[in-house]
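Trainee: Use these hints to put chain B onto chain A, whose structure you have.
Number of protein chains: 2
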Amino acid sequence: MGRWEPDARGRLEKAALDLYGERGFENTTVAEIAARAGLTERTFFRHYSDKREVLFAGAGPLQELLVNSVAGAPDTATPIDAIAAGLRGAADLLQERREFAVQRYVVIAANPELQERELIKLATLASALAVALRRRGVEEPTASLAAEAGIAVFKVAFERWINDKDRRDLPRLIRESLEQLKDVTTGA
Amino acid sequence: MGRWEPDARGRLEKAALDLYGERGFENTTVAEIAARAGLTERTFFRHYSDKREVLFAGAGPLQELLVNSVAGAPDTATPIDAIAAGLRGAADLLQERREFAVQRYVVIAANPELQERELIKLATLASALAVALRRRGVEEPTASLAAEAGIAVFKVAFERWINDKDRRDLPRLIRESLEQLKDVTTGA
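Quick note, the sequences are listed as chains A and B, same order.
With numbering that gives the first Met the number 0 as the guide, the letters of the first sequence map in order to residues 0 to 187.
With numbering that gives the first Met the number 0 as the guide, the letters of the second sequence map in order to residues 0 to 187.
Bear in mind the hints are in silico, worked out from the structure with no lab data behind them.
Here are the simulated DSS-like cross-link-like pairs (lysine-lysine), alpha carbons at most 27 angstroms apart as the crow flies:
1. 181/B / 120/A
2. 154/B / 120/B
3. 154/A / 181/B
4. 154/B / 50/B
5. 120/B / 120/A
6. 154/A / 50/A
7. 120/B / 181/A
Chain A stretches covered by chain B per the calculated footprint, using a threshold of three residues with CB under 8 angstroms from any CB of chain B:
8. 73-79
9. 115-127
10. 145-156
11. 175-183
Think of the CB as a built atom: it goes at the ideal place given N, C-alpha and C, for glycine as much as any other residue.
This is chain A alone, in the form it adopts within the complex (with noise of 0.2 angstroms):
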């Protein structure tokens, strides 16, 4: 490792994301990045595999945050409430990096590639919330099912806090969707 560089992954973050933002995404190589940021493209490497890593480094974290939060829920919580102790988790998390969500989201939406490359992720989400909740014993095709209701909570959740002018909060919005989910398979 060089010399100390304080938060240079935040900062390569920030450089990254605001450069997607201004020219796009295939417009913009690791070396502008990089001396946005006042770095290296060697430090980039360090902690980057490559520019479209910097928008998907999250996925991981936020998908052990899910599965670990239904694993940890209560004994006695049904499936769904299981599902939305992780979906909770998820949301306080990403309340607090909203400014990078919304900025992330526009370079997303502008991109087909990384648009399939989300949509990959968000299945492999369901398909971990659906393992999580087999370890809890839940049966199938209820696990599936259970995880699935949970991404598209998520998916409209989300697109919804990214979009409101009211800038309600994830978790908030999260609950009332999970409630309105209620109201539309009953029919209410």
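Mentor: Same frame as chain A, now just chain B:
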């Protein structure tokens, strides 16, 4: 157009799916598909733009059927009832093509690029269903939640159908999954 080739499209489809299953999607060429079907490459390209298209040509008609069934549901139908009507239409269509659906599923499951394409197809279906509900006067986020819930039910029921040793039919599995989703969201 050349001479009359009875059911060229169906023969090409069968030849393609058989070959994808035997030697893998990646290792199959259009020339081989045409030869197996007893047709020319030129005939292949009159029906399909490339070998991937054989697997995804049904996506457009399926989406049309879903959207039309949602649009045609009685005015009194709740959002989830309208979605259920759409899923019933799609399920009837797929049930008639079970053998093709199973072969196609196995080919896609073996190839990450095809899986991505399938995820995109499902996300597109969800968006189209939400649009169809909004046209019925359903407000957001209810429209998106009902649409995403419908796709969740479809995914889970479809997977059960493909792997079901008892060979229960898809319309039935979709009805069951809709009921189970209701139980899940109400914590029953």
